[in-house]
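Both chains are sitting in their own frames, so use the hints and assemble them into the complex.
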Amino acid sequence: EPEVTQTPSHQVTQMGQEVILRCVPISNHLYFYWYRQILGQKVEFLVSFYNNEISEKSEIFDDQFSVERPDGSNFTLKIRSTKLEDSAMYFCASSVTRILNFGQGTRLTVV
Amino acid sequence: DQQVKQNSPSLSVQEGRISILNCDYTNSMFDYFLWYKKYPAEGPTFLISISSIKDKNEDGRFTVFLNKSAKHLSLHIVPSQPGDSAVYFCAASDDGDSNYQLIWGAGTKLIIKP
Numbered sequence: 013e014p015e016v017t018q019t020p021s022h023q024v025t026q027m028g029q030e031v032i033l034r035c036v037p038i039s040n041h042l043y044f045y046w047y048r049q050i051l052g053q054k055v056e057f058l059v060s061f062y063n064n065e066i067s068e069k070s071e072i073f074d075d076q077f078s079v080e081r082p083d084g085s086n087f088t089l090k091i092r093s094t095k096l097e098d099s100a101m102y103f104c105a106s107s108v109t110r111i112l113n114f115g116q117g118t119r120l121t122v123v
Numbered sequence: 003d004q005q006v007k008q009n010s011p012s013l014s015v016q017e018g019r020i021s022i023l024n025c026d027y028t029n030s031m032f033d034y035f036l037w038y039k040k041y042p043a044e045g046p047t048f049l050i051s052i053s054s055i056k057d058k059n060e061d062g063r064f065t066v067f068l069n070k071s072a073k074h075l076s077l078h079i080v081p082s083q084p085g086d087s088a089v090y091f092c093a094a095s096d097d098g099d100s101n102y103q104l105i106w107g108a109g110t111k112l113i114i115k116p
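Chains as they are written, first to last, in my numbering: chain G, 13 to 123; chain U, 3 to 116.
Bound conformation, chain U alone (with noise of 0.2 Å):
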């Protein structure tokens, strides 16, 4: 039963450029979303959540829109750099859900070419 889903298991994106993450959900008792960065040998760390009351989150380089008709999410980040390079996983989780657990989407490989 994949509640989060994450289609595209890697993407490659020029220095520079956009880089667009997409997310999509079927549980419509999901009220916050997040987006977790994770190095290979490392755990995943926070980048940025959105709240299922916005349509848009932006923190620096990194802007999250969320379309609750369509259930759907996706992470932008511009400019993306080498740094950039990692998985990235979609998580969400529902407000009737007292202990704030995560259900997470299989993650997306993002490879930024120089």
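Chain G on its own, in the form it takes in the complex (with noise of 0.2 Å):
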């Protein structure tokens, strides 16, 4: 079965680094998506991609944050200068339909 593959399953940065997390999502699938849980919180919307522009962001994806789907297969989440506050799960998805198909998820550890 098809499924959505992220690397690297656990990154770790400095305070102020840039980092990018990688996502490939399912190849037919339309519209991507990544979404982050804070350990023992929600998990929260971030941004989604269709048409190869953003199509929507949450007030957590700031100019700090940026999407790209650079060759048609991959799609990645940049962050300029990651702060503290930034470690947590990164879930990218993929949908077709209403239904989302996630990734395993990319732990991020900010020290």
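Just to be clear, a hint being listed does not mean it is correct.
Derived DMTMM-like pairs (lysine to aspartate or glutamate); straight-line CA-CA distance at most 20 Å [what the hints assert, rightly or not]:
id, chain 1, residue 1, chain 2, residue 2
1, U, Lys-111, U, Asp-86
2, G, Lys-95, G, Glu-30
3, G, Lys-54, G, Glu-71
4, G, Lys-69, G, Glu-56
5, U, Lys-111, G, Glu-56
6, G, Lys-54, U, Glu-44
7, G, Lys-90, G, Asp-74
8, U, Lys-56, U, Asp-33
9, U, Lys-70, U, Asp-96
10, G, Lys-69, U, Asp-97
11, G, Lys-54, G, Asp-74
12, U, Lys-115, U, Asp-86
13, G, Lys-95, G, Asp-75
14, G, Lys-54, U, Asp-26
15, G, Lys-54, U, Asp-96
16, G, Lys-95, G, Glu-65
17, G, Lys-90, G, Glu-80
18, G, Lys-54, G, Asp-98
19, U, Lys-7, G, Glu-56
20, G, Lys-69, U, Glu-44
21, U, Lys-56, U, Asp-86
Listed below are several chain G residues computed to face chain U (Cβ distance under 8 Å; list not exhaustive) [claimed, not checked]:
id, residue
22, Val-55
23, Ser-60
24, Glu-68
25, Phe-73
26, Phe-77
27, Ser-107
28, Arg-110
29, Ile-111
30, Asn-113
31, Gln-116
Hints in this document: simulated from the structure, not taken from any laboratory. Each residue gets a CB set at the ideal place from its N, CA and C atoms; glycine is no exception.
Shown next, in the form of structure tokens:
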């Protein structure tokens, strides 16, 4: 069964550094998303992407965040200058219907 | 603004019995509801969904019930098995949102006791 894959599974970075989280969505899907879950808290929507542009973003998704679909298969989330509070599990998802398929997540630890 | 609420942070159920997980919502524009299951350090896995035009949807051991007037849905798992121990998230989406964005509850940790 096709699945969403995310790399790396765990990323440790120094505060202020840039990180890129990578995702390969399911190939025939049209909608792409990033969500995050801070330890012990709710899953939070960050951004949705459709037709090669951001379709919606949350308040969390500020100027430090960006997304890109550089080659038609990868979908990346970049955090320009990481903060301690960016430490969380980041989940990529894709969909073609109203059911979102999630990847295994990337645990980002900012130290 | 908690549009989707799961008021029980955890639930403990004996193996073989019924597990009932509850979810309430406030936004009357929600018209599609989903349940996801999540193991630690893994991504959420889709379990079952229901459209607002229905009041029940069944898939094997899992049944979701929707009460639109009460803005309440529940997930029934019968019989409960040890592998069902996980965090269960209720999520909702709005037909007016063409991006299919999901609004999530806080989750309920289900523990199945042998």
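Exercise for the section: Enumerate the violated hints, using their earlier numbering and listing them in ascending order. Expected result: Per hint list: 16, 20, 21, 25, 26 violated.
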